[in-house]
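Asker: Sequence:
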Amino acid sequence: MRQGSAEDRDRGARGAVTGGKQMDGFIRLVRDLLIAARVPERCIAIDKRVELPGWFRAEKKWDLVIVHDDQLLAAMEFKSQIGPSFGNNFNNRTEEALGSATDVWAAYREGAFKPSSRPFLGYLMLLEDSERSRSPVKVLEPHFPVFPEFKGASYRERYAILIEKLLRDRLYDGACFLLSHSAAAVDGDYIEPHPELTFAKFVTPLVAHVGAICSP
Numbered sequence: 035m036r037q038g039s040a041e042d043r044d045r046g047a048r049g050a051v052t053g054g055k056q057m058d059g060f061i062r063l064v065r066d067l068l069i070a071a072r073v074p075e076r077c078i079a080i081d082k083r084v085e086l087p088g089w090f091r092a093e094k095k096w097d098l099v100i101v102h103d104d105q106l107l108a109a110m111e112f113k114s115q116i117g118p119s120f121g122n123n124f125n126n127r128t129e130e131a132l133g134s135a136t137d138v139w140a141a142y143r144e145g146a147f148k149p150s151s152r153p154f155l156g157y158l159m160l161l162e163d164s165e166r167s168r169s170p171v172k173v174l175e176p177h178f179p180v181f182p183e184f185k186g187a188s189y190r191e192r193y194a195i196l197i198e199k200l201l202r203d204r205l206y207d208g209a210c211f212l213l214s215h216s217a218a219a220v221d222g223d224y225i226e227p228h229p230e231l232t233f234a235k236f237v238t239p240l241v242a243h244v245g246a247i248c249s250p
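The opening position of the sequence shown corresponds to residue 35 in the numbering used here, with each subsequent residue numbered one higher.
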C-alpha cells in the first residue's frame with residue numbers, strides 16, 4: 035500500500051472503495067487489514083453491535099468497534115461530505131467530531147469500559163474535491179478576530195486544520211483526510227493532501243495497537 039500526495043493519486047488495492055457506498059468500502063478495507071494482521075474477525079464489529087455508552091448520552095453508534103476479551107480496543111468514525119452546502123455541513127461535522135470524542139473519553143474516564151486500557155480512537159474524512167471546496171471562505175469577526183490560520187482558508191484547508199488539531203490535541207489517536215473528485219466514483223481515485231493525515235499513517239498505528247493485544 036503506497037502513500038499518495040496532492041499530486042499522486044493512489045489507485046492500488048483501494049481503488050474500488052470510492053463510489054456510491056465509498057465509506058462502507060473504507061470500513062471494510064480497515065477490517066480486512068486488521069484480519070490480515072491476525073486480529074480475530076469476531077472482535078471486529080461493523081454494521082451491527084457498534085453502539086458504545088457515552089457520558090453525556092446513553093449510547094452512540096460508531097462505524098467500526100473492536101472488542102477483545104471484554105476490553106474496548108478501538109472505535110472509529112468514517113465520514114464524507116459532498117457539496118454544494120459545504121458551510122453548514124462543515125460546522126456539523128466539526129461538532130460531531132468534537133462531541134463524539136469528548137463523550138467517549140468522558141465515559142472512559144468514568145469507567146464505562148472497565149477493565150479496558152485507553153482505546154484507540156480513529157477518524158477518517160473524505161471530502162469532495164471541487165472548485166467550491168477549494169475556494170477561500172470569508173470569516174466574520176464582529177467582536178474578536180478569528181485565529182489567523184482560518185483567514186482565507188478554503189473548506190479543504192479548514193478540514194485539514196480541524197483534523198490536524200483533533201489529532202494533536204489527542205481527541206483522536208489516528209486521523210486521515212482524503213479528497214476525491216465526483217468523477218472518481220468509477221475508478222476510486224483520491225488525493226492525500228496532508229502529509230500527516232494519510233491513510234497509511236491512520237491505519238498503521240491502529241493495526242499495531244490492536245494486533246499487539248489480540249493477535250494469537
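Mixed in with the good hints, there may be bad ones.
Unchecked claim - Straight-line Cα separation of at most 35 Å, DSBU-like style, residue types lysine-lysine; simulated pairs:
1) LYS172 with LYS82
2) LYS148 with LYS199
3) LYS199 with LYS82
To be clear, the hints were calculated from the coordinates, so they are not data collected in a lab.
Asker: Could you run down the list of hints and mark each one as holding or not?
Answerer: A quick look at each hint next to the structure:
1. Proximity of LYS172 to LYS82 is assessed by CA-CA distance (about 41 Å); at most 35 Å being required, the pair is judged violated.
2. Straight-line distance between C-alpha atoms of LYS148 and LYS199 comes to about 28 Å, which keeps the hinted pair within the 35 Å bound.
3. A C-alpha spacing of about 30 Å is found between LYS199 and LYS82, which places the hinted pair at or below 35 Å, so the restraint holds.
In summary, the one numbered hint that this structure violates is 1.
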